[in-house]
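Position chain B with the ligands relative to chain A; hints supplied.
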Amino acid sequence: MRNISEAIKRFDFDEKIEGRAQYAADLKDRQMLYVKTLRSEKARAKIMSIKYPPLSPGYFIVDYRDIPGENRLPLVFEDQPFLAVDRVNYIGEPILLVVGPVKKKILAIMQEIRVDYQELTPILNIAEARQRQEDFIFEGKSCFVEYEYEKGDITEVKKKAWRVVEDEFRTGYQEQAYLETQAIVAAVEDQRITVCGSIQCPYYIKEALRQALGWPEERIRVKQLPTGGGFGGKEEFPSLVAVHAALAALKAHKPVQLVYDRQEDISCSTKRHPAVIRLKSYLDDRQRITGREIEVMTDAGAYAGLSSVVLQRMIFSVGGVYNIENLKIRGQAYATNNVVSGAFRGFGGPQAFFAMEMHMENIARALHMEALALKRGYFLRKGDTSTTGGKLQSDIKLAEIVEKIDKISGYSRKRRDYDAADGGFRGIGCSVFFHGCGFTGSGEQEIIKPKVRLRKYRDNTVQICVSSSEIGQGCLTTLRKIVAQVLEIPVEQVQYDYPDSDICPDSGPTVASRTVMIVGKLLYDCARKVKARWQEGEFTVDQAYVYPGHLQWDNEHFRGNAYPEYSWGANVVEVAVDPLTYEVKVLGTWAVYDIGTPIDEKIVKGQIDGGMAQGLGYGCLEVLESHGGRLRQNNFTNYAIPTAVDFPATESGLIDNPYEYGPFGARGLGELSLVGAAPALAAAVQQAIGRRVRQIPLTPEYIMELMDDED
Amino acid sequence: MKIKLSFRLNGESITLATEPLKRLLDLLRDQLELTGTKEGCGEGECGACAVLIDDRLMNACLVPAAVLEGKNIITIEGYRTTAQFKILKSCFEKAGAVQCGFCTPGMLLAAEALLRQKPKPTAEEVRAGLAGNLCRCTGYNMIVEAVLLAAKEGEGLWSTPVGL
Ligand code: FES
Ligand code: FES
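Protein chains in written order, with our numbering: chain A, 1 to 711; chain B, 1 to 164.
Treat the hints with care, since some could be wrong.
[Unchecked claim] Derived DSBU-like pairs (lysine-lysine); straight-line CA-CA distance at most 35 Å:
#: 1; chain 1: B; residue 1: Lys94; chain 2: A; residue 2: Lys407
#: 2; chain 1: A; residue 1: Lys141; chain 2: A; residue 2: Lys280
#: 3; chain 1: A; residue 1: Lys105; chain 2: B; residue 2: Lys4
[To be verified] Beta-carbon label-pair distances, calculated as ranges:
#: 4; chain 1: A; residue 1: Asp459; chain 2: B; residue 2: Ser159; range: 47 to 57 Å
#: 5; chain 1: B; residue 1: Ala83; chain 2: A; residue 2: Asp656; range: 33 to 43 Å
#: 6; chain 1: B; residue 1: Glu155; chain 2: A; residue 2: Pro548; range: 48 to 58 Å
#: 7; chain 1: B; residue 1: Lys118; chain 2: A; residue 2: Pro648; range: 11 to 21 Å
#: 8; chain 1: B; residue 1: Ala123; chain 2: A; residue 2: Asp14; range: 21 to 31 Å
#: 9; chain 1: B; residue 1: Lys118; chain 2: A; residue 2: Met704; range: 33 to 43 Å
#: 10; chain 1: B; residue 1: Ser159; chain 2: A; residue 2: Pro490; range: 37 to 47 Å
#: 11; chain 1: A; residue 1: Glu325; chain 2: B; residue 2: Lys118; range: 56 to 66 Å
#: 12; chain 1: B; residue 1: Glu33; chain 2: A; residue 2: Pro548; range: 48 to 58 Å
#: 13; chain 1: B; residue 1: Ala123; chain 2: A; residue 2: Arg455; range: 45 to 55 Å
Just so you know, these hints were derived from the structure itself, not from any lab.
Quick reminder that beta carbons are idealized off the backbone N, C-alpha and C, glycines included.
Looking at chain A on its own, in the form it has when it is part of the complex (with noise of 0.2 Å):
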C-alpha cells in the first residue's frame, strides 16, 4: 500500500488548467435568461411604494410576493427574508430581481425602478447598538445573542489577584474574495426545480429551497458546479442567491443564470465579524497568571445569520491554548444595520487568536518575560480541562510544535537581537493557537447528523456518494484517497463527483474543517464495511454518524467538549516596518501543525500557504469599512487582497501525532492555516515599533497613528 501522505495528482487537474472545468457562469444555453437583484439603496427604512417602468414582453419583476412559500431564510434563527416586504435593514439588502434575456435592458429596466423610502435612525456600529434604549432591529434587543461562561471561581480569584494586565482589541471586516464571484443557475422542468452552481453546501440550499417554494423535498435538486473558492463565503449566503434564481426560473418559465459582478458580490455578501475583545488577565503575588475575564463583542450585522455560532467559536477559541483555571467569558453578537456578517475561514478563530495572543505579548512585557517563554509555562496537556471543561484527551504536542518553528525560524534569537536593537523598525512575533475541528459541541450530532454513501459496482469500481463540494480545498482527491486506501484498489477506481443532491446524501455542509475529519472518516468506516463484502458484486452501503462515546456537551451551559478534536499550530512572521512610510513589509513566515496525519502532502501544503497568505492579508491589508452603513470598498482596487508580490514564501513543517479517531490519523487543517497569521504578524509590528498593537489590519495609517500617539 501506499503511504497516504505522499502526493497524487488531483482528479480537477486537468479540466481546471486546461480552461475546460465549466463554472456556473460558464454554461450556456439559448433560453438562459439574466437575473440582477435591486438592492437597498438605504441602511435602515421602511418602503413606502414601488414604482415600476412598463416592461416589455419576455422581462419580469419577482418580488416577494412571488415567494410561494415562507419568506424566511431558514438558518439558526428565521429573521431574514429572502426579498424584502415593507422594510430594509442594510444597504444592498435584495428587495426585488429583474428578469430577462438582454443584461443591458434589465440595467435599464432596474434605473427606472423607483423605490420611495421613508428612513428610520439606523443602529450603525457596536458601541451605537451597546448605547441604545429602543427601536432594536431584532426582536426588541441590542443582540442576537449573548452569551457567558464560567470555569474554576473567577470571584474568588480577583479577590486575590496580585496585579490585574488589561487590554482591548479591535479587528475588522474581511472579505472572502473567493476569485469567482456568486452564480447560480437554475431551471424548472418537468415539476422540478434544479439549482446548480458556486456554492459550499448544497443541502442548505435545498432547504432553503424547500423554505422559499413551499414544495416537497423530491421537487428539488441542487448540484455543485466547479466553484471558484469560497473560504466560507460560499456557506450560507449562497442560500439566497439560489432562491432568488429559483424564484426568477419559476415567474419567467425559463432556465436563468444569476451572477454577481464584483462590485455587487463584495457589497452586500457576507462578510468577517468586525470585533472588540477585552482581555483582563489576572496574576497572583508569584506572578502566575491565575484568571481572566474576557468579553467579546462582534457586528453582526442586519440579520443574525451563523452569527450566534461564530460568537460560540470566538468565545470557544478565546482561552487560547492556555490552560488557566479561572475564567469568565462573555460574547454579544450585536444587530446593526450593516452588511450581514458570516461565515469566514476561521469562523471566529482569526480575532479571537489575535487578542488572546496579543494579550499574553502584553503579559509578557509587563513580567519583563520573553513572550514565547511566557507561553509555554501555561501549553494545555493532554488531560488538561479546555475553557468550557471539556477534557482534552489525545496528546497535545504543543511544546514540539513550538521547538520546531523556533528552530526553522530563529525565533528567539532574532527575537532577543531585536529587542536589543531596541525595535530598530524591526520585529519577530510568534503565535500558538488551535482550530476546532468539526461543529460546535455536538452540533455534528444533534444538528447535522451526516451521512455518507458507498456503491460498489460489479466491475470493482467504487463511488463516493457524500455532500462535499470541492471549493478547491481538494476534496476530490483527498476523500478518494482515503476510500481507496481502505479498499487496497487503485485511486483511480473510486469514483466521486460535485455533489448533486439527487445522488448524494447529506454528509453535512462543507464548512468548520471537517471535510477529511468528520466525512472521510464516515468513508473510511463505510469503506471497511464494503470491504467485507467485497465479493458480493453490486451493493450499496450507507454510513451515519455517531456521536463519539468519550466525548459530551451540555449545550445549555456550554459544558464539555466545545469540539470533537483539535488541531493545532504555531506562526512566526518576521518585519520590517518602514521608519518614513510605515509601510509594513514581511520578511519570513514560517508555519508548524499539527494535523495529525496529512492525507496530500501537496494540497495540504497548499491549504497551509494559502491560508498564511489570507491570514497575513486580514492582518495588514484588507481593509474593509462601513461608513454610515455603507462599505467603503467595494472592488479589487480599494480592498486589496494580497498579490504574488507582497508575501515572500512560507515554510512550514508537520508534527507527527495521529488522531485516534480520524481517518488514518488525519485531523481538521482547512481553517487552522489562517488562524494564526495576524497574530504573528501583530507581534513583530509590535516589536519593530515599540508600540502597542490594538488593532487590525495594520495600515500605514494606523502605525502613523501610533507612532504619533505615544511620542
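Then chain B with the ligands, alone, in the frame of chain A:
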C-alpha cells in the same frame, strides 16, 4: 451599430460583426463561446480574463472589440494545444499550483508572457510578472515554484513561437 472585424484567434482567422465597444471578454465568452477566459472583477484588477494579444498579456475585460482588427489573440483554448502549455501544465501539477482553478487560465497566460520576456527568471521576477493576476487560494508560492520549474524544464522553448 455593429462593425465588421477580422483578427486571428488561437491560430485561426476570424471575421465577425460586433459592437465596437463590446469587451473582448464578452466577445469571447458570449459570442464565441470560449469560456476558459474568466471574469473575476471586470475592472482590470484580477487577471482572470488575461489573454495574449500580439504576444502581450492583456486583460480582456478592458479591451474593446474595435481595437482587435488585425490582431493575433491567444486564449487558453488555443494555448492548451501548444508545447509551452504542456511544460507549464506538468510543472503546475508537480508544484501543486491549482486549487479552485478560477485564476488558472489567466495565470498560465501570464506565465507564458513572463517566460517569453525572461526565459530564466528569478523568483522575484516571477512574482513581479504574476503580480497582476490574483489568486485567493494558493498564496502564490506553489505557482511561483511551478513557473520557475517550467523555466528550467522548458529551457529554450520560450524563444520559439507558440505555434499558433
Ligand atoms: S476580469 Fe478582467 S481583470 Fe478581472
Ligand atoms: S486557485 Fe483559486 S484563485 Fe487561484
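To see whether the hints hold, each was checked on the structure:
| no. | hint | in the structure |
| --- | --- | --- |
| 1 | Lys94(B) - Lys407(A) | holds (28 Å) |
| 2 | Lys141(A) - Lys280(A) | holds (27 Å) |
| 3 | Lys105(A) - Lys4(B) | holds (24 Å) |
| 4 | Asp459(A) - Ser159(B): 47 to 57 Å | holds (48 Å) |
| 5 | Ala83(B) - Asp656(A): 33 to 43 Å | holds (42 Å) |
| 6 | Glu155(B) - Pro548(A): 48 to 58 Å | holds (54 Å) |
| 7 | Lys118(B) - Pro648(A): 11 to 21 Å | holds (20 Å) |
| 8 | Ala123(B) - Asp14(A): 21 to 31 Å | holds (27 Å) |
| 9 | Lys118(B) - Met704(A): 33 to 43 Å | holds (37 Å) |
| 10 | Ser159(B) - Pro490(A): 37 to 47 Å | holds (41 Å) |
| 11 | Glu325(A) - Lys118(B): 56 to 66 Å | holds (59 Å) |
| 12 | Glu33(B) - Pro548(A): 48 to 58 Å | holds (51 Å) |
| 13 | Ala123(B) - Arg455(A): 45 to 55 Å | holds (46 Å) |
The structure agrees with every numbered hint stated previously.
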